[in-house]
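For the record, the sequence lines run as chains U and R. Each residue of the first sequence is one higher than the one before, counting from 1 in our numbering. Each residue of the second sequence is one higher than the one before, counting from 350 in our numbering.
Among these hints, one or two may not hold up.
Listed below are the simulated SDA-like cross-link pairs for lysine to any residue, each with C-alpha atoms no more than 25 Å apart in a straight line [as the list claims (entries may be wrong)]:
id, chain 1, residue 1, chain 2, residue 2
1, R, Lys485, U, Gly82
2, R, Lys518, U, Glu52
3, R, Lys485, U, Lys332
Computed list of chain R residues with no C-beta within reach of chain U, every gap over 12 Å [unchecked claim]:
id, residue
4, Glu410
5, Glu464
6, Ser466
7, Gly471
8, Cys481
9, Glu509
10, Ser513
11, Gln578
12, Gln617
Derived by calculation from the structure, the hints in this document are not laboratory data. Don't be surprised by glycine CBs; every beta carbon is placed ideally from N, CA and C.
The primary structure of each chain is shown beneath.
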Amino acid sequence: MSTHIRKNAPAAAAGKPRLTTSAMIASIAAEGQRTKPAPFGHALVALARENERVLGMTADLGKYTDLHIFAQAFPERFHQMGMAEQLLFGAASGLASEGFMPFATTYAVFASRRAYDFIHQTIAEENRNVKIVCALPGLTSGYGPSHQAAEDLALFRAMPNMVVIDPCDAHEIEQVVPAMARHDGPAYMRLLRGQVPLVLDEYGYTFELGKAKLLRDGPDALVISSGLMTMRALEAADLLRKDKVEVAVLHVPTIKPLDEAAIVAAARKTGRPVIVAENHTVIGGLGEAVAATLLRAGVAPAAFHQIGLPDAFLDAGALPTLHDRYGISAEKVAGSIKAWSDGGAGGAA
Amino acid sequence: MSQLGHNIPIPERARNIRRNALRMGEVQGQGYIAQALGIADVLAVAYFHAMTYRPEEPEWEDRDRFLLSNGHYAIALYAALIEAGIIPDAEIETYGSDDSRLPMSGMASYTPGMEMSGGSLGLGLSIAVGKCLGLKRKGSDRRVYTLFSDGELDEGSVWEAIMSAGHFKLDNLIAVVDVNNQQADGPSTSVLGFEPLPQKLEAFGWFVRRVDGNDIAAVQAAFDAARAQAGSGRPSMIVADTLMGKGVPFLEAREKNHFIRVDAHEWQLALAALDEGKPS
């Protein structure tokens with residue numbers, strides 16, 4: 001869609017319900033969903049109580065990355081670097097080189113796009129023990145491309161030394177924080193902030209760095225997913241069960257290093273299509289990583305599909321509208337899986 | 350002050366640094382020789398007057414840190430590290446060659462005494478801010494010295510770091526900007542003007558000394574004044590006006606000298622010119 005088309009006046013909205021746009025502090029939780037507040041902030045406080053090397057740093061987004069919880073608990077261990085992301089990551093490298101373990105937060109767009117070279121050279125190339133924690137991953141803001149980090153996984157996957165984690169919910173974020181600390185080296189985590197959905201506790205799930213976990217099994221389709229798309233895949237699987245479609249969901253929170261063995265093992269089960277679902281552009285993220293893994297292993301599933309964001313600058317608007325529009329709401333995911341599990345070739349790309 | 354060679358005068362150190370740089374340049378036949386000759390006096394003062402370190406223990410916790418932001422000046426810093434006894438003299442002949450610890454652009458993972466991976470210009474001061482915060486956090490009174498080039502003043506990140514160092518009152522930071530007025534595409538002041546530089550830096554809360562970077566006594570005085578800023582809450586910037594090719598007249602005279610080629614027979618002439626020019 002071109003800019004010119006976007007500038008056309010919208011069609012008359014008479015009679016349509018008015019959706020409230022997603023404010024920057026909005027939670028991605030659905031109404032009535034179980035949530036936990038600021039799991040990253042609280043987990044970082046718990047970690048900092050045990051590890052005195054832990055610091056918090058931000059580029060004027062402490063409140064919006066749940067780092068304010070840490071700043072309140074440990075004001076003397078919090079560095080406000082101002083709205084200067086290049087400085088944030090360069091200084092984080094410097095602090096790490098002096099033996100500290102900075103958790104540096106901003107939005108995913110600013111880390112992956114504005115400060116990429118600083119992270120590449122001062123953190124990844126120098127192999128500094130910096131933890132990068134970024135809110136608004138993929139399509140979790142309605143502000144348009146300025147705030148939508150559709151390509152962050154592709155960019156950080158391509159960076160040597162960088163561990164890349166895309167957690168699903170509050171239960172997982174709480175476990176990722178200490179796991180990042182146990183890993184000696186740079187790591188990037190996509191952050192869900194505010195009132196964060198609580199889902200994986202009901203699956204008896206435990207996060208392990210570099211491990212994919214099969215959350216449910218089923219013969220009709222295999223969904224391989226990360227981040228909030230695992231939540232959507234589980235919701236879709238519940239919806240489809242009513243239609244007698246049984247869906248397997250393999251959750252892959254660590255994008256790098258990728259658990260290739262678990263992916264190959266799950267995809268080897270013949271007869272079911274493999275569907276990769278990610279809150280990310282279909283270019284360079286989990287979908288293409290899984291496809292390459294399967295090709296290298298000589299595994300050809302019955303069919304291979306991607307659910308993800310298109311190669312386009314995404315629209316501004318309300319998140320529920322946008323998630324429907326780009327096919328990543330639970331209902332749309334369920335529809336795609338159903339179409340692909342029925343006949344193979346049908347459904348969206 | 351280094352533990353080695355208290356009796357060797359700084360000008361002699363500077364000449365040895367130039368000599369080491371020329372010997373490395375000869376290995377490749379080309380390189381950032383003119384910058385190395387220009388900054389040699391500053392490095393001699395840093396390593397043999399101002400800084401505390403242990404040559405045999407480059408990562409000694411109580412050392413002063415030295416960050417080379419302009420990674421292409423690696424040839425100059427290697428020359429100083431060799432003179433300081435941190436890198437063996439025998440490695441000169443490996444400069445820029447495969448599997449050498451002395452790559453053309455400086456990287457932390459390759460070379461003892463190289464504290465950062467520079468080369469992508471504009472990184473050093475940001476790292477320095479973090480190291481200064483870290484040293485203060487540890488209660489250390491050591492300093493972070495950072496060398497960068499006037500061309501790097503074009504980079505926005507440099508100004509982020511300049512603003513923050515003033516804001517955080519990093520009086521353990523001593524930065525040196527090499528104003529040789531030469532960057533890749535031409536004279537720095539015409540590529541993107543940065544003057545009046547001292548006034549700009551002072552407005553950001555810095556202590557500034559502008560000196561002839563090839564006047565060793567003046568450079569020493571500037572380093573001393575900067576070191577005296579401990580406790581002042583002001584980071585220090587030494588604006589060092591240097592002459593590219595300094596000490597080798599036929600290289601000083603070259604106009605396009607950002608990355609120079611020197612004919613095989615000229616290296617001996619250059620070394621001879623250094624000796625003729627005593628004291629540097």
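To see whether the hints hold, each was checked on the structure:
1. R:Lys485 - U:Gly82: 19 Å, holds
2. R:Lys518 - U:Glu52: 24 Å, holds
3. R:Lys485 - U:Lys332: 54 Å, violated
4. Glu410: Glu410 (chain R) is in fact no farther than 12 Å from some Cβ atom of chain U, at 9 Å.
5. Glu464: 7 Å, violated
6. Ser466: 5 Å, violated
7. Gly471: For Gly471 (chain R), whose nearest Cβ neighbour in chain U is about 8 Å away, the distance does not exceed 12 Å, so it is violated.
8. Cys481: Its Cβ does come within 12 Å of chain U, the nearest being 8 Å, so this is violated.
9. Glu509: At about 4 Å from chain U, Glu509 (chain R) fails to clear the 12 Å cut-off, so the statement is violated.
10. Ser513: 6 Å, violated
11. Gln578: 19 Å, holds
12. Gln617: 37 Å, holds
The earlier numbered hints that this structure contradicts are 3, 4, 5, 6, 7, 8, 9 and 10.
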